[in-house]
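These protein sequence lines are chains A and B, in that order.
Under my numbering, read the first sequence as residues 1 to 77, first letter to last.
Under my numbering, read the second sequence as residues 1 to 264, first letter to last.
Just so you know, these hints were derived from the structure itself, not from any lab.
Heads up, a few of these hints could be off.
Unchecked claim - One-sided and incomplete, this derived list gives chain B residues near chain A with beta-carbon spacing under 10 Å: (1) 144; (2) 150; (3) 158; (4) 161; (5) 163; (6) 164; (7) 165; (8) 181; (9) 194.
This structure is a prediction, so every number in the text was calculated from the model and none was measured.
Quick reminder that beta carbons are idealized off the backbone N, C-alpha and C, glycines included.
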Amino acid sequence: MNEGRLAVNRLKSVLLKDKLDMSEGFMRALKNDLGRVLSYYMRLRADGVEVFIDGADDGYTVRIKATAEGIRQINAV
Amino acid sequence: MARRIVLTSGKGGVGKTTVCAGLGIALARRGARVLLVDADMGLNNLDVALGMEGRIVYDMTDVLRGKCALRQAVLQDTEYSTLSLLASSHGTDMEEFPSGAFRRMLAEAEGAFDFVLIDCPAGIDNGFHRAVCVADEAIVVTTPHVSAIRDADKVMSLLETYNLHSVSVVVNRVRGDLVAGGSMMSADDIARLLRHRAIGYIPEDDCVTVYAQLGRLGKGNARSDLAMRYIAENLISGSRKIYDCTGEYRGIIGKIKTYLRRQI
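Given these sequences and hints, build the entire structure.
Written as structure tokens, this is what we have:
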């Protein structure tokens, strides 16, 4: 990747952090909550949940990455 | 009714005053009646950029204090009769003048001009507010540097809280050789990241330095002057003519130019 592209990516990340204005604590709480909700449905691996937020033209793209070892059986009543 | 356009940036030193002066001249060249207003109280330099510093008798603070009429403080350019300047004074604390007084003063001038370009001070404090709240449109000037773009982005977020018709971007001091070689982000990238329409790109140009020290900005035929003329045309007609900063650095001749530029 050339320097120009690297600069664009760096700037993208700087602007996104400025806009989101999210503290580390907020991100941790978000990951914990997502992990808790997902674990009702799946057996998640211990490495937990990762959250990526990217800027898009019309807002933000939130990508959640979690690896599950299995799906929980849910008995619907 | 004049179009009131504030030129702002957030970060200082990006060439806001230079762009304001150059754009004013480019608009006047097309016959538009232009009033340049130096709202950068205390650190004003628009008069110097235009080479008018030796002709100022009254300035904006004299008008606001009631010492003279507005028409007495408006200076006409010697070369372009439709270009005028309302200068501000060095070392004046603008806090003594409320935004309302500034607005009323500009409202008085509006009828006589097609464009009122307001050179906003750097930063986002009261001076910024005073300059922006009298405008209908904003042009955010930035350079291709991360710190300048970051500040421009913050300013754009602030501008959303004002009732402006349009906010556009000018990317100043674009190094065409570096962009063409992929070593620097392009002006298109910057406008995209700032999520606002680019109204013009201005190449890095030694002529600006040379003409600025002579107070003859925008009066030559430099590449930057051509870029300014495109911006003026876009403002007047709503066209989307953008100066191609990388054009001269493409192809074999362009590669030689790039090589030579890096050797100097």
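Hint check:
1. 144: holds (8 Å)
2. 150: holds (6 Å)
3. 158: violated (12 Å)
4. 161: violated (15 Å)
5. 163: Violated. Min distance 22 Å.
6. 164: Violated, about 20 Å.
7. 165: Violated, about 21 Å.
8. 181: holds (8 Å)
9. 194: holds (8 Å)
Comparing the model with each numbered hint stated earlier shows that hints 3, 4, 5, 6 and 7 do not hold.
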